[in-house]
Amino acid sequence: MALKMVKGSIDRMFDKNLQDLVRGIRNHKEDEAKYISQCIDEIKQELKQDNIAVKANAVCKLTYLQMLGYDISWAAFNIIEVMSASKFTFKRIGYLAASQCFHEGTDVIMLTTNQIRKDLSSPNQYDTGVALTGLSCFVTPDLARDLANDIMTLMSHTKPYIRKKAVLIMYKVFLKYPESLRPAFPRLKEKLEDPDPGVQSAAVNVICELARRNPKNYLSLAPLFFKLMTSSTNNWVLIKIIKLFGALTPLEPRLGKKLIEPLTNLIHSHSQHRDLTGICASVSVLISLSSGMPNHSASIQLCVQKLRILIEDSDQNLKYLGLLAMSKILKTHPKSVQSHKDLILQCLDDKDESIRLRALDLLYGMVSKKNLMEIVKKLMIHVDKAEGTTYRDELLTKIIDICSQSNYQYITNFEWYISILVELTRLEGTRHGHLIAAQMLDVAIRVKAIRRFAVSQMAMLLDNAHLIASNAQRNGICEVLYAAAWICGEFSEHLEEANQTLEAMLRPKVTTLPGHIQAVYVQNMVKLYASILQQKEQAGEKEAAQEITQLMIERLPQFVQSADLEVQERASCILQLIKYIQKLQIKEVPVAEEVIALFAGELNPVAPKAQKKVPVPEGLDLDAWINEPPSDSESEDEKPKTIFHEEEQRHSRHRQPEIDEEELARRREARKQEQANNPFYIKSSPSPQKRYQDTPGVEHIPVVQIDLSVPLKVPGMPMSDQYVKLEEERRHKQKLEKDKKKKKQKKEKRGKHHRHNSLHTESEEDIAPAHHVDIITEEMPENALPSDEDDKDPNDPYKALDIDLDKPLADSEKLPVQRHRNVETLKSPDSEVPLVEKKSKKPKKKEKKHKDKERDKGKKKEKEKKVVEEEEEEKKVILQDLHYFSSCCYLLLSLVCCLGTVQTAESIPITSFLNLTYDIQGNLQNDSQVTVSVIFENKSTSFLKSMELNVLDSLNTKMLRPEGSSVHDGIPVPFQLPPGISNEAQFVFTLQSIVMAQKLKGTLSFIVKNDEGSTHEKLDFKLHFSCASYLITTPCYSDAFAKLLESGDLHMSSIKVDGISISFQHLLAKICFHHHFSVVERVDSCASMYSRSIQGHHVCLLVKKGENSVSIDGKCNDSTLLSNLLDEMKETLSKC
Amino acid sequence: MAFCVEMTQTICILLTDRFKASEVDGLRLLTHFVFYNLLCCALSILFSKMYFLPQSEDTQQQIIRETFHLVSKRDENVCNFLEGGLLIGGSDNKLIYRHYATLYFVFCVDSSESELGILDLIQVFVETLDKCFENVCELDLIFHVDKVHNILAEMVMGGMVLETNMNEIVTQIDAQNKLEKSETFIFQSPRQDR
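Here the protein sequences line up with chains A and G, keeping their order. Just so we're aligned, residue 1 is where the first sequence starts under the UniProt record's numbering, counting upward by one. Just so we're aligned, residue 1 is where the second sequence starts under the UniProt record's numbering, counting upward by one.
Note that these hints are calculated values from the structure, not bench results. The beta carbon of each residue, even a glycine, is placed where N, CA and C say it ideally should be. Among these hints, one or two may not hold up.
Just a sample of chain G residues kept apart from chain A, beta carbon distances all over 12 Å, derived [claimed, not checked]:
hint: 1; residue: Y100
hint: 2; residue: T102
hint: 3; residue: E113
hint: 4; residue: D130
hint: 5; residue: C132
hint: 6; residue: E134
hint: 7; residue: N135
hint: 8; residue: C137
hint: 9; residue: I142
hint: 10; residue: A153
Output of the computed footprint for chain G on chain A, the stretches with three or more beta carbons under 8 Å from beta carbons of chain G [stated by the list, open to error]:
hint: 11; stretch: 149 to 156
hint: 12; stretch: 169 to 181
hint: 13; stretch: 314 to 320
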């Protein structure tokens, strides 16, 4: 063995360490991959060795390689080995590697649970710290569930270093295991007032993060945060709190009023000294101010003013933040931002892309009917100038966003808009072709008056398709051809040169377009064809009609050969149809009517969510079976019929193999009738507000001058600029006319409204749309349900954290406990507290009495009453808190010691109160040790120091003392206690036998120091080691449990307790909770439970509940242990 | 190496801490720092994993590459904020970076963090590095990635800001180093590397 050690360390001398690896990689630039694979082979060899130092070194190198992009998941098990090393150096390497490469899919992660638990309870704070840091990176739902309780205990650790990490990691635990939020929340709240600023800021951090997602659950914390805000000097905390208030104020308007003053003060104080974080804070103040207060113009004005100063600053960062904050204000107060249009337009020219993007964002809210054209014109210039495609794409989407916002509210001239869209198609390499296409379709469908113009533009686009689709497969812009083809087809009656367009669509080049566009082409060709056919027949030009049919038959086969299934299918279908038409034409049968009937009927726009919003009629249960599900023997095709039985009968009797056009048209008519009568069909309902009559409008379309000389532009395309000019002229005319009218009015009214008229420039309402348009609103079903739910992402992880935190905890809401238990189970914490309170309050009363002597006696009684009332109030609060505690499974308060009044030399009564609460945990790793955590709480007004805890050892149980000290020496408590402070220390006890419960006597000596001097005090107490405290909750599967029972080497014993009134569920919970058992299986009022002692005894229970009694049969390796356990249990149960 | 650029460029990107897992997870702060140097010829890309994809080594590399691309082409006198869009998980996130000589420190944060606060945090980080390494230079960071990680772990935990007080951070780091030293009587070979 020794030889092996020596050999190992000699080997190590030649191993590469991390620095060698980095140097090696830098020296092997040419054959890096080869070098690294060589290194990985070496690392694999090193991992095979027993020496942990070698392994740790190997894992360290692997971590580096992982950063270079190499997969190291194969070493996951080795990483766990290094994590479990006893030395901090190695442990840290292991946890770092784990945090790098572990994730929820790593299967070995479940092996780490116990290791992490051990590290969390390590006496070395850095072991705990490194475990917490690592865990924060790879926590999984399982780990979160198993470790939540341990982490919660750490939240009240003595070291602030651990406390802050534990508080912060709770957020991760909540995310993965939302059930833990309610039990843990009281303690988290407590940490908001932690003496250590780091812990406090961590708690604020976590709560703000939680509240950001579900603010309404945290409204009750507002007063506490308000207090923190006014008292905190930490900028980080301040910013967080202000951001939190930003989320809370919309929910509670009163809060906004309260906040105005302190926030305004903050702004003023921060703008005086211009440190970064100060400005930062004030910016976020501004933001939250604006979002919080809907009607506070003065503060908004202040905000906007300050923001303007920021934006005008030469510091680009401030400029950016100013714009960012401006966009927040814009959402609530668009008016106040609009006055700074000049500034924002100026920012559009900034050299910094980030700032330009922010300014673009702001533009969205600044447009009005008046300035839309001007702004878009400016943006179009930017589009031409823009270099990067990302920025250009951003511009494009913004233009479309701006124009289409709130149902095209600001567009007065749709011809202008269509020409803008057409101009945008000139953009090369944009990803947003589909956006433009969607806009074209939307406008053409919803604005009836524009269709003629849109169709002519689209026809032109189709004609110039070769320019757009030069590189069809890669170019996103060819999507617009989809829209163009559809619009030309659908509204072909408006098309002037239909023949030409049809030919354009039949060009061989079209076959290079993506499949879905070709499919639309094919379909719409027929629509076009149908309308041409009708024209020709009406004009009596039979030959021309036949010609066009011939053209179709000639050209369609190119689509029939398409590789795209959809195109192929449609094309061959249509080819056959046209061949049939040709036959009829030869027989001189008029066919146009029938062909056109194929596409008769109007398409109405339907809102995207309409289908979802159809309300379920009363009395209709969608989940109920209409007919019982058919048995398997029934034939398949009957199923749909049985479901839609009635409807089927009504309108599709039986399918004919061939349906001629006439029949089709007739049916369509019939269906329309039916739909009109059917309440569930979405009918077209004209929009209530925007119903203009479109009588004179179409004639007023301005004549478009086609500028063929402009290079680089699609020939024949109108320019949007011309519209801007035209529009200006038109508006000018309008204005003049109106002015005339107004003058008349003025004369009539004799300047009654003088002020109004003098103000008139060009208000929104003055601008009438160029032509009357009917913007058809998207259809919604009648009495649609207003619901926002569909906006929420069902997979949102924060949804699970939307939990009401003010509701008191139910008993069932507990964190899964592994090892904690209340030691003195005889006394429930609730019964104990009032006792403490009474004792602690007494002296105060005495003091009061003393003072009161000099005063009116009548008043005294009143006061006493008040004191008593207050006490009771406090008692209630404490009881409530304890209720939380007990349900949180945080077990404490088992032993309360009070020091009575002590007479000092000066005979001034000094009262000192020290509460000790303790909790015994079995040690998983060591079968003969338990850890006792004691919380010392100084309830006096004096300073306590030099505390020493000593326990009188028994033969069986001994306190673990440092080497060299005798059994009579106490262990010093590693801290001092200022008044009102509590702290926790841990003591380890060794024991031989665990089969018997034990009580140990102990003494705590300490020095009380106050203004008068210091005294030496002593306090006696007892520690109760019950048998249950040696048990460790261990889950057991039912088959393993059965095997255990069958094995036969277990002793048996049983008890029966009468007079039990609580529910069985509750009872089981109590046993699990107080006695560290886990339920293996539960059938009705009978359950089997299992637990294991730290020395490996199996304990099995069978719990049966009768009407008023409970019987427990137990089996265990050790009969004494069993009988003691059962006795303890009997005592617990007899108390319920 | 995972990818190659011209050999005259060194890109070592150190992405630490968790990446914002866009919709999967509520991680908040992705801290990457990007070092960039035209003179050195080695290429080292170091960073820790992003959280959201099981086999994300390639994705990580891609994100680093693009982040570097975005950051490196920015001018000197522009603002320190960058909206990376889809690359870094949606519009709620932005990149906040600082440029020190040959190094870029890039953090990716969501809207709950204050922008200037993060700039301050980067400053604290750099100062802390400077204290811990005594006049930190790029090579320190390249050769002692693990130490850089440990320092960062004291500042940011699980994507959330843990500590912003430099003295506190340095104290904890020193204490840990001391603890490490007391353990390393057999382990460490005596050489010092740069």
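Cross-check of the supplied hints:
1. Y100: 16 Å, holds
2. T102: Given a closest Cβ separation of 15 Å, the condition holds.
3. E113: The claim breaks: G:E113 does not keep its Cβ more than 12 Å from every Cβ of chain A (closest is about 9 Å).
4. D130: 19 Å, holds
5. C132: 15 Å, holds
6. E134: The claim holds: G:E134 sits with its nearest Cβ about 17 Å from chain A, beyond 12 Å.
7. N135: 18 Å, holds
8. C137: 14 Å, holds
9. I142: Violated: least Cβ distance 6 Å, not greater than 12 Å.
10. A153: It is violated; G:A153 is separated from chain A by about 5 Å at its closest Cβ, not greater than 12 Å.
11. 149 to 156: violated (count 0)
12. 169 to 181: With 4 residues closer than 8 Å to chain G, the stretch 169 to 181 of chain A meets the three-residue bar; holds.
13. 314 to 320: Holds: 4 residues of the stretch 314 to 320 of chain A have a Cβ under 8 Å from chain G.
The earlier numbered hints that this structure contradicts are 3, 9, 10 and 11.
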